[in-house]
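Protein chains in written order, with UniProt numbering: chain L, 1 to 260; chain U, 1 to 271.
The hints are simulated quantities; they were obtained by calculation from the structure and are not laboratory data. Hints may contain errors.
What the hints assert, rightly or not - Calculated lysine-lysine pairs in the DSS-like style (CA-CA distance at most 27 Å, straight line):
| hint | chain 1 | residue 1 | chain 2 | residue 2 |
| --- | --- | --- | --- | --- |
| 1 | L | Lys35 | U | Lys78 |
| 2 | L | Lys39 | U | Lys126 |
| 3 | L | Lys46 | U | Lys126 |
| 4 | U | Lys89 | L | Lys39 |
| 5 | L | Lys35 | U | Lys89 |
As the list claims (entries may be wrong) - A short, non-exhaustive set of chain L residues, derived as facing chain U with CB atoms under 10 Å:
| hint | residue |
| --- | --- |
| 6 | Ile32 |
| 7 | Pro36 |
| 8 | Lys39 |
| 9 | Val45 |
| 10 | Lys46 |
| 11 | Leu48 |
| 12 | Ser125 |
| 13 | Glu127 |
| 14 | Ser130 |
| 15 | Ser131 |
| 16 | Glu133 |
| 17 | Asp138 |
| 18 | Gln142 |
Every residue, glycine too, gets a C-beta built ideally from N, C-alpha and C.
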Amino acid sequence: MNLLDRVANLGRAAIELVTGFGSAGLMLWGAIARKPRAKGFPLFVKQLYVVGVQSMVLIFVSGLFIGMVLALQGYNILVGFGTEESLGPMVALSLLRELGPVVTALLFAGRAGSALTAEIGLMKSTEQLSSLEMMAIDPLRQIIAPRFWAGVVSLPLLALIFTAVGIYGGHIVGVEWKGIDSGSFWSILQASVEWRQDIVNCLIKSLVFAVVVTWIALYRGYQVIPNPEGISKATTQTVVQSSLAVLALDFLLTALMFGR
Amino acid sequence: MDHQVLAEPKPLVEIHNLGFSRGEHVIFDDISLSIPRGKVTAIMGPSGIGKTTLLKLMGGQLTPDIGHVLFDGVDVHKCRREELFTLRKRMSMLFQSGALFTDMNVFDNVAFALREHSGLPEEIIKRIVLMKLEAVGLRGTANMMPNELSGGMQRRAALARAIALEPEMVMYDEPFAGQDPISMGVLVKLIRELSAALQLTSVVISHDVQEVLSIADYVYVMADKRVIAQGTPAELKASDMAQLKQFIGGEPDGPVPFHFPAEDYQKELIG
Numbered sequence: 001m002n003l004l005d006r007v008a009n010l011g012r013a014a015i016e017l018v019t020g021f022g023s024a025g026l027m028l029w030g031a032i033a034r035k036p037r038a039k040g041f042p043l044f045v046k047q048l049y050v051v052g053v054q055s056m057v058l059i060f061v062s063g064l065f066i067g068m069v070l071a072l073q074g075y076n077i078l079v080g081f082g083t084e085e086s087l088g089p090m091v092a093l094s095l096l097r098e099l100g101p102v103v104t105a106l107l108f109a110g111r112a113g114s115a116l117t118a119e120i121g122l123m124k125s126t127e128q129l130s131s132l133e134m135m136a137i138d139p140l141r142q143i144i145a146p147r148f149w150a151g152v153v154s155l156p157l158l159a160l161i162f163t164a165v166g167i168y169g170g171h172i173v174g175v176e177w178k179g180i181d182s183g184s185f186w187s188i189l190q191a192s193v194e195w196r197q198d199i200v201n202c203l204i205k206s207l208v209f210a211v212v213v214t215w216i217a218l219y220r221g222y223q224v225i226p227n228p229e230g231i232s233k234a235t236t237q238t239v240v241q242s243s244l245a246v247l248a249l250d251f252l253l254t255a256l257m258f259g260r
Numbered sequence: 001m002d003h004q005v006l007a008e009p010k011p012l013v014e015i016h017n018l019g020f021s022r023g024e025h026v027i028f029d030d031i032s033l034s035i036p037r038g039k040v041t042a043i044m045g046p047s048g049i050g051k052t053t054l055l056k057l058m059g060g061q062l063t064p065d066i067g068h069v070l071f072d073g074v075d076v077h078k079c080r081r082e083e084l085f086t087l088r089k090r091m092s093m094l095f096q097s098g099a100l101f102t103d104m105n106v107f108d109n110v111a112f113a114l115r116e117h118s119g120l121p122e123e124i125i126k127r128i129v130l131m132k133l134e135a136v137g138l139r140g141t142a143n144m145m146p147n148e149l150s151g152g153m154q155r156r157a158a159l160a161r162a163i164a165l166e167p168e169m170v171m172y173d174e175p176f177a178g179q180d181p182i183s184m185g186v187l188v189k190l191i192r193e194l195s196a197a198l199q200l201t202s203v204v205i206s207h208d209v210q211e212v213l214s215i216a217d218y219v220y221v222m223a224d225k226r227v228i229a230q231g232t233p234a235e236l237k238a239s240d241m242a243q244l245k246q247f248i249g250g251e252p253d254g255p256v257p258f259h260f261p262a263e264d265y266q267k268e269l270i271g
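Between the sequences and the hints, there should be enough to build the whole structure, so can you do that?
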């Protein structure tokens, strides 16, 4: 391959990347930049159940175990310095600032994101999206918009649940098992966690991850090549791209929020 | 003769000099045809010739490279989205797969477009849906999910949905593909009877020659990116055009060769 071919390939890849961003942007704009309809609310509630409520068991169990592991590892380190009383804030701040939003978003991409891509991809391959078009119903409003809003609302709430359950898991290990005083666990935790710095930033991170993960999942489904191989590829792309985007954005947001 | 021509109502759909390609691959090259009102018009041709693409061009789901598609005099591809949606309320399409919404039962599938567009109270919608389901013989399946129906029944349920808003035109995309003889007979009967009873303009895309010729008033035959023959079923059967005779007779070899072009057979085997 000569130099000219390499430059041409690089240019082609850049054009495809920009076209992809433009196309994904137009899809999202077409879905959400319209006046909400009363008929859309039941669709949103249904998706809230599918995307949010049905992810709760995974989030709950993962949060509990990650909190417990975090507390056990933290205790073993802190006890060496005689500062095991600080286990509460260590668990809470780790979960609120990083693990809560990030792990929830990664789990959400694997559980709900892949399901959204596969569902919309199958709707496309069975011509359900085309049939909506032919019935003079906009698939962006009917299919994409309720799923997008459900994802955006669900993920921050799931991250809060994950964090709360994780802190409780830390309490089980630290207080119930290792015998740290319950009063000092909660009081030091309460004194260390700040509303603006920790909880609001946790919600901001979750909201950004929610938009990105749901957007990628919906776009990959909407643009799928309608055959089994295409759906399989799109589902994988959703999980891989969402995960990478979450991790990259997490660094960026952490630098902005805590980099001073 | 002139009086007869003048008395003919204007066709509902007119396609003028249409050209369409996907990348380098040309699908249609200068196609012109018209779909008369209230008649069953069939468009036949071998698999992969682009018949479904033609329906999507007529419905405004695809845009041609050149040429025009006029629906009742309105250029489908020059409409704004809202205008296109207004046109689509006057047309309907029966997809090859049925394309029923898999998360709704049969009743809700048929009621879907009515609930979106008609503004009618639920009680009236219920009666309309039951009447449409009765017309296709599936009133008893109203509470069943699409995956509980056979392929033929799914297509009939989709037909009930297609006529729910009482469109002026219904486009049928390969309605007989993959059907057993009984289902095929039922679909032939339904298309013919519904077209007559509702005075529908019907466009049937198919390569099932005998079924299509039995219900069509006028037939276009496509091959090689263009229309190669047209006429009434009797005219086509009487034609001595070699390509047409091969298609209607289902002969494996002829102007459309059995073998895909390849290197010399002996040379490739022996070297």
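- Message: Using the nearest Cβ pair, does Pro36 of chain L come within less than 10 Å of chain U?
- Response: Because about 16 Å separates Pro36 of chain L from the closest Cβ in chain U, which is outside the 10 Å limit, the hint is violated.
- Message: Next pair to validate is Lys46 of chain L with Lys126 of chain U; report whether the Cα-Cα distance is within 27 Å.
- Response: holds, 23 Å
- Hint check: is the beta carbon of Ile32 of chain L less than 10 Å from a beta carbon of chain U? At 16 Å from the nearest chain U Cβ, Ile32 of chain L fails the 10 Å test, so the hint is violated.
- Item | Pair hint Lys35 of chain L and Lys78 of chain U, alpha-carbon separation not exceeding 27 Å | holds, 25 Å
- For the hint on Ser130 of chain L, does the least C-beta distance to chain U fall short of 10 Å? holds, 6 Å
- Under the criterion of a CB-CB separation shorter than 10 Å, is Lys39 of chain L in contact with chain U as hinted? holds, 7 Å
- Item | Closest C-beta approach of Val45 of chain L to chain U relative to 10 Å, hint status | Violated. Min distance 14 Å.
- Would you mind confirming whether the straight-line C-alpha gap from Lys89 of chain U to Lys39 of chain L stays at or under 27 Å? holds, 19 Å
- Message: Hint Ser125 of chain L vs chain U: min CB-CB distance below 10 Å?
- Response: Given a least distance of 9 Å, the restraint on Ser125 of chain L holds.
- Status of the Leu48 of chain L interface restraint (C-beta, 10 Å, chain U): Where the cut-off is 10 Å and the nearest Cβ of chain U is about 15 Å from Leu48 of chain L, the hint is violated.
- Message: Restraint: Asp138 of chain L near chain U, CB-CB cut 10 Å. Satisfied or not?
- Response: Hint holds; Asp138 of chain L Cβ to chain U Cβ min 8 Å, cut 10 Å.
- Holds or violated: Lys39 of chain L with Lys126 of chain U, Cα cutoff 27 Å? holds, 18 Å
When held up to the earlier numbered hints, the structure conflicts with 6, 7, 9, 11 and fits the remainder.
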